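Student: Residue 137 in our numbering sits at position 120 of the sequence shown, with consecutive numbering throughout.
Some hints could be false.
[As the list claims (entries may be wrong)] Below are the DSS-like pairs computed for lysine-lysine, each with C-alpha atoms no more than 27 Å apart in a straight line: (1) 336 with 105; (2) 136 with 105; (3) 136 with 336; (4) 303 with 265; (5) 122 with 325; (6) 136 with 46; (7) 105 with 325; (8) 46 with 325; (9) 170 with 230; (10) 107 with 46; (11) 45 with 170; (12) 303 with 336; (13) 107 with 45; (14) 170 with 325; (15) 336 with 167; (16) 325 with 45; (17) 170 with 303; (18) 167 with 45; (19) 265 with 198; (20) 230 with 265; (21) 167 with 198; (22) 325 with 136; (23) 303 with 167; (24) 107 with 303; (25) 105 with 122; (26) 27 with 45; (27) 45 with 105; (28) 167 with 46; (29) 46 with 27.
Honestly, the hints are just simulated from the structure, not real lab data.
Note that the coordinates shown come from a computational prediction; the quantities given were computed from them, not determined experimentally.
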Amino acid sequence: HITQWCPAGKVADSILFGDVPAPTPPAKKHVVIQVKATAINVDDIALLQDSAGGGWFFHGRTPSSTQPLIGGMEYSGVILAVGPDCEKFKVGDRVCGIQDVAVQKNSGTWAEQTSAPEKDVVLIPSDSNISHVEAAAVGMGAFISHDLYKRAKLSSSENCRCLVIGASGGLGLILLQLLSKHQGSNVHVTAICSGANADKVRSSGANEVVDYKIASFASQLVDAEEFDVVFDFVGGVESERGARQVIKSGGKFITACGPRMGIGDRTLTCCEWHGWACGLLCRLLKSSCCCCCTHFQYEMGGGMPPLKAVDFQTVALNKGIRAGIGLEVPFAEEPLREALRLVASRHPGGKVVINMER
18 HITQWCPAGK VADSILFGDV PAPTPPAKKH VVIQVKATAI NVDDIALLQD
68 SAGGGWFFHG RTPSSTQPLI GGMEYSGVIL AVGPDCEKFK VGDRVCGIQD
118 VAVQKNSGTW AEQTSAPEKD VVLIPSDSNI SHVEAAAVGM GAFISHDLYK
168 RAKLSSSENC RCLVIGASGG LGLILLQLLS KHQGSNVHVT AICSGANADK
218 VRSSGANEVV DYKIASFASQ LVDAEEFDVV FDFVGGVESE RGARQVIKSG
268 GKFITACGPR MGIGDRTLTC CEWHGWACGL LCRLLKSSCC CCCTHFQYEM
318 GGGMPPLKAV DFQTVALNKG IRAGIGLEVP FAEEPLREAL RLVASRHPGG
368 KVVINMER
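Construct all of the structure, not just a fragment, from the sequences and the given hints.
Tutor: Laid out in structure tokens, this is it:
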């Protein structure tokens with residue numbers, strides 16, 4: 018937890034460990050959850066240093082010594098208590114979800130207990146064999162990667178070539194599995210990642226791997242057949258420029274990050290933030306209103322929490338997709354600080370999960 022905003026890049030060193038007040042008994046349609054597993058994401062770190070989205074729009078609840086701010090938003094656990102008006106859950110139900118800590122200011126999940134509105138919590142069916150670690154790790158992918166996949170509107174009858182930039186991260190690995198399980202047509206997937214992660218992305222469904230550390234992916238794909246869809250989990254103009262060289266005319270560029278790499282790593286200046294926001298808006302408007310002046314369609318996916326039950330059901334339960342876990346740590350101070358440093362590097366090699374039961 019924190020009692021004041023952390024300096025940019027110093028969350029792992031500044032975050033506090035210790036006792037905080039337990040959630041109050043749930044009112045009306047709220048529940049209290051015993052957290053069994055919770056994930057660490059780059060957005061969690063950005064929220065603790067008040068730089069999420071560049072620091073101009075998304076803010077967690079202001080921390081203080083009397084009301085510390087608990088980090089984390091992605092979790093799995095068991096219902097401990099329900100409010101008097103709850104209808105969906107009972108004590109003992111296994112649940113998961115993604116807390117909206119920026120808009121609704123809901124409780125964080127890096128703690129033994131958290132509280133949430135009943136409507137934002139997803140039931141894990143009693144007959145499911147998904148573990149708490151798996152459920153906590155897959156939530157963000159079911160939320161964001163599944164949204165990008167749906168936006169692609171892949172054909173059920175025609176072959177399709179897809180390129181995934183940032184394929185070896187937690188979100189990229191889930192998207193690779195979604196593409197590999199696409200029904201009705203042949204989807205060829207090329208993954209962009211470091212050579213060290215080549216086996217990992219191939220096992221998740223990639224047909225071809227391009228190591229961006231050797232040379233730009235565009236230069237390595239210059240003689241390849243053009244792509245119908247490019248998915249971007251890195252962001253920035255370099256990814257977009259590279260995509261422009263390898264995407265078909267009229268193809269789709271679908272990003273989870275927008276036109277600036279590392280958004281959230283620090284608070285942007287007013288000019289920087291407006292440049293990012295205006296650049297994003299311009300790209301979206303050009304794609305939706307004037308197809309004659311753009312080489313490809315530009316979309317940004319993701320959105321705001323909570324996790325929807327239908328997305329968790331489709332991705333984790335119906336398709337049996339699991340997140341690639343880069344690191345699993347116990348709920349202990351030193352391992353958590355190292356885990357935070359790994360996530361802040363933006364190269365965790367998969368999801369980083371805190372197992373509260375270890």
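Student: Each hint: holds or not?
Tutor: Hint check results:
1. 336 with 105: Measuring from Cα to Cα gives roughly 24 Å; hence the hint holds.
2. 136 with 105: This hinted pair holds, its Cα atoms lying about 8 Å apart.
3. 136 with 336: holds, 24 Å
4. 303 with 265: It holds: about 17 Å lies between the C-alpha atoms, which stays within 27 Å.
5. 122 with 325: The hint holds at about 18 Å.
6. 136 with 46: holds, 8 Å
7. 105 with 325: Since the Cα atoms of residue 105 and residue 325 sit roughly 14 Å apart, the hinted pair holds (cutoff 27 Å).
8. 46 with 325: Measuring from Cα to Cα gives roughly 17 Å; hence the hint holds.
9. 170 with 230: Answer violated: residue 170 to residue 230 is near 31 Å, above 27 Å.
10. 107 with 46: Between residue 107 and residue 46 the Cα gap is close to 12 Å, so the pair holds against 27 Å.
11. 45 with 170: violated, 40 Å
12. 303 with 336: violated, 35 Å
13. 107 with 45: holds, 14 Å
14. 170 with 325: Holds. Residue 170 to residue 325 sits at ~19 Å (cutoff 27 Å).
15. 336 with 167: Cα-Cα ~14 Å, so holds.
16. 325 with 45: holds, 21 Å
17. 170 with 303: The hint holds at about 20 Å.
18. 167 with 45: Outside the cut-off at roughly 35 Å; violated.
19. 265 with 198: holds, 23 Å
20. 230 with 265: holds, 24 Å
21. 167 with 198: holds, 13 Å
22. 325 with 136: Answer holds: residue 325 to residue 136 is near 9 Å, not above 27 Å.
23. 303 with 167: holds, 21 Å
24. 107 with 303: violated, 49 Å
25. 105 with 122: Holds - the C-alpha atoms of residue 122 and residue 105 are around 22 Å apart, at most 27 Å.
26. 27 with 45: Answer violated: residue 27 to residue 45 is near 38 Å, above 27 Å.
27. 45 with 105: At roughly 12 Å apart (the allowed maximum being 27 Å), residue 105 and residue 45 satisfy the hint.
28. 167 with 46: Roughly 31 Å between the alpha carbons, so the hint for residue 167 and residue 46 is violated.
29. 46 with 27: violated, 37 Å
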